[in-house]
Amino acid sequence: MRVIEEGKAEFLKVDPDGYRGYVRDNKPHQMVSKLMSHKDAVERFIRDGDYLAYDCNYFQRGPSSLIREIIRQNRKNLWLCGKFTYVACALLVEGGCADRIDIGFIGFGPWISRAVREGKCKIYEYSNALMTLRLKAGAMGLPFLPARSFGGTDGFERSACKLVEDPYTKQPVLLVPALNPDAAIIHVHQADEFGNARVFGTGITHQECALASKRVIVSAEEIVSTDEFRRDPARTSIPHFAVDAVVHAPFGAFPGTVQGYYASDPQGVVEAMGALYRGDFREYLKKHVYSVASHEEYLDKVVGAAKMIEMRRRETIREGYVS
Amino acid sequence: MSTPAEQFSEREFVICQIARLVEDQYIYWVGGGGEPLNSVLLAKRMTAPNLQYLTEDGVIGPEALVPFDPLMTMISSRANYRALQWGTMNYAADLAHLGYVDYGILNTLQVDRFGNVNSTVVGKYAGGEGRRFGGPGGADSIAALAWRTILITDQQKRKFVDRVDFISSPGFLDGPGARERHGLPPNTGPWRVYTPWARFGYDKNCQLTLEAIAPYVSVDQVLGEMSFKPVLAATVEVMEAPTDEELLILRTEIDVGGQVTDRGRWVELKDGKYQFAQQ
Numbered sequence: 001m002r003v004i005e006e007g008k009a010e011f012l013k014v015d016p017d018g019y020r021g022y023v024r025d026n027k028p029h030q031m032v033s034k035l036m037s038h039k040d041a042v043e044r045f046i047r048d049g050d051y052l053a054y055d056c057n058y059f060q061r062g063p064s065s066l067i068r069e070i071i072r073q074n075r076k077n078l079w080l081c082g083k084f085t086y087v088a089c090a091l092l093v094e095g096g097c098a099d100r101i102d103i104g105f106i107g108f109g110p111w112i113s114r115a116v117r118e119g120k121c122k123i124y125e126y127s128n129a130l131m132t133l134r135l136k137a138g139a140m141g142l143p144f145l146p147a148r149s150f151g152g153t154d155g156f157e158r159s160a161c162k163l164v165e166d167p168y169t170k171q172p173v174l175l176v177p178a179l180n181p182d183a184a185i186i187h188v189h190q191a192d193e194f195g196n197a198r199v200f201g202t203g204i205t206h207q208e209c210a211l212a213s214k215r216v217i218v219s220a221e222e223i224v225s226t227d228e229f230r231r232d233p234a235r236t237s238i239p240h241f242a243v244d245a246v247v248h249a250p251f252g253a254f255p256g257t258v259q260g261y262y263a264s265d266p267q268g269v270v271e272a273m274g275a276l277y278r279g280d281f282r283e284y285l286k287k288h289v290y291s292v293a294s295h296e297e298y299l300d301k302v303v304g305a306a307k308m309i310e311m312r313r314r315e316t317i318r319e320g321y322v323s
Numbered sequence: 001m002s003t004p005a006e007q008f009s010e011r012e013f014v015i016c017q018i019a020r021l022v023e024d025q026y027i028y029w030v031g032g033g034g035e036p037l038n039s040v041l042l043a044k045r046m047t048a049p050n051l052q053y054l055t056e057d058g059v060i061g062p063e064a065l066v067p068f069d070p071l072m073t074m075i076s077s078r079a080n081y082r083a084l085q086w087g088t089m090n091y092a093a094d095l096a097h098l099g100y101v102d103y104g105i106l107n108t109l110q111v112d113r114f115g116n117v118n119s120t121v122v123g124k125y126a127g128g129e130g131r132r133f134g135g136p137g138g139a140d141s142i143a144a145l146a147w148r149t150i151l152i153t154d155q156q157k158r159k160f161v162d163r164v165d166f167i168s169s170p171g172f173l174d175g176p177g178a179r180e181r182h183g184l185p186p187n188t189g190p191w192r193v194y195t196p197w198a199r200f201g202y203d204k205n206c207q208l209t210l211e212a213i214a215p216y217v218s219v220d221q222v223l224g225e226m227s228f229k230p231v232l233a234a235t236v237e238v239m240e241a242p243t244d245e246e247l248l249i250l251r252t253e254i255d256v257g258g259q260v261t262d263r264g265r266w267v268e269l270k271d272g273k274y275q276f277a278q279q
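As given, the protein sequences belong to chains A and B, one line each in that order.
Position one of the first sequence corresponds to residue 1 (my numbering), numbered consecutively onward.
Position one of the second sequence corresponds to residue 1 (my numbering), numbered consecutively onward.
Quick caveat, the hints were computed from the structure, so don't treat them as lab data.
Even for Gly, the Cβ is constructed at its ideal location relative to N, Cα and C.
Treat each hint with caution, since some may be false.
Claimed, not checked - Residues from chain B shown here face chain A by an in silico Cβ test under 7 Å; the list is partial:
1. Asp57
2. Ser76
3. Gly128
4. Gly135
5. Phe166
6. Pro170
7. Gly183
8. Leu184
As the list claims (entries may be wrong) - Per the computed footprint, the stretches of chain A lying under chain B, defined by three or more beta-carbons under 8 Å from a beta-carbon of chain B, are:
9. 97-110
10. 170-178
11. 258-270
Turn these sequences into a full structure, and let the hints guide you.
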């Protein structure tokens, strides 16, 4: 295949055979209970230097409670899959946890811009859909996938994409390298103790993200019995064997929404966006991460019952979200 | 009700113009919320009740319940209400690859004569020197894959430039044939550019062409707020003002809190002429 042009960015090594071997040797093929606390899950499955993917974002059915736990545990040198995101990357960079980002869309703001300028954070350019396509290639066990976008942009040379001559049509086509993150965190509506998981409503890339990643933590609003899955198997979004840890996280997406379960907390959203635009998350991190030892304590002391009741009350739409 | 309004904001003007283009028989990919979504929602209530749109999270044909909470334009129950199908991001991109997306509608930070869009950096990229923005997000997929793309930008010199500082999402790149050479599907690309003051199209050489102006500005005013001179159509039309009915729907059903339209200048009809209100 003739390479016409190629991007020059550093990228996570593409190794489908290595990933197959990892799946055979390390993924939990047997149904075993994986229920554990946020603390244990992050301690066991998120490591310094990991490539970390998260699905959705801090405001929309994202693993916000796990993001806070990662910052609390002071992970270092993470490389982030920054797609479809407002504040999650900025939080992790300012929390001292991340120093590389593949960008589809992220909220910048002065702090993260400064980190880039000072060379403390490296960035590589893609689009949202190219990052989800990279995860799809990773989830298919393939080394790359073609796409018909992004060619000719200025992001191209700052990515690891290649423009090649398609051997079938002889036309130019873009290739994206597969992405198999070291770790993924995904927030879902329901999971059982083994890691079978359901997402209701639209999503970004929860299934691909789970299948493509070596170590996967699923946080769930509700823990349900396996019988629930067997009653309605078409609604299973993620199979148990892709998952390493299951964390019960009611209001895990706070201050964001979980469709059909609770609305966002606009005040909490504006508070985080304000910190992003001011370029200073120190107060935010102090209040929302370091002031408590666990998600349970966070809900109790920082969020409070009144707010949670209000968020549930404001989510009036149920159609499509109840099992 | 369908009489021309006597007072409106220039933001409302843009939304009403785009809404008038939107038709039932096409599928639209709407970039985020703001003007693109409001245009489609207005069209749905005015002339195209059955039009379908999708957003980046793979929602197909929702009947969105506006207004949304801040930033909740996707992956939220109100944005995705009563859809025909719920998908994911790769699914949305698949549909666009397949050719189902007739039109994309995008708000842009900076746009150039070839319709290239910058949402990455204003100023220099190297060394992180320029002012950094979020990146292409979903706009690259829309700009590359929709059959026709409608771009929206402000009529300001710094936003309407000869060459964008960074091509985040492709327009015609550097002219005819460039998109195809870079692997983008043929017969696609920017189709119209709207600002609060003007409507532009493209000629066969992919050059931006001034086709119409708002009734409250002159051609010279429009050219004065561009960093380059566009091609002028043989006849530059004057667009019609929003109607009372459009504005009533926009203000009472769509942008109730003024989240989108409460910016920009106010226009009023005075002595039989539309002009900017004294503020």
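Are there hints from earlier that the structure breaks, and if so, what are their numbers? none
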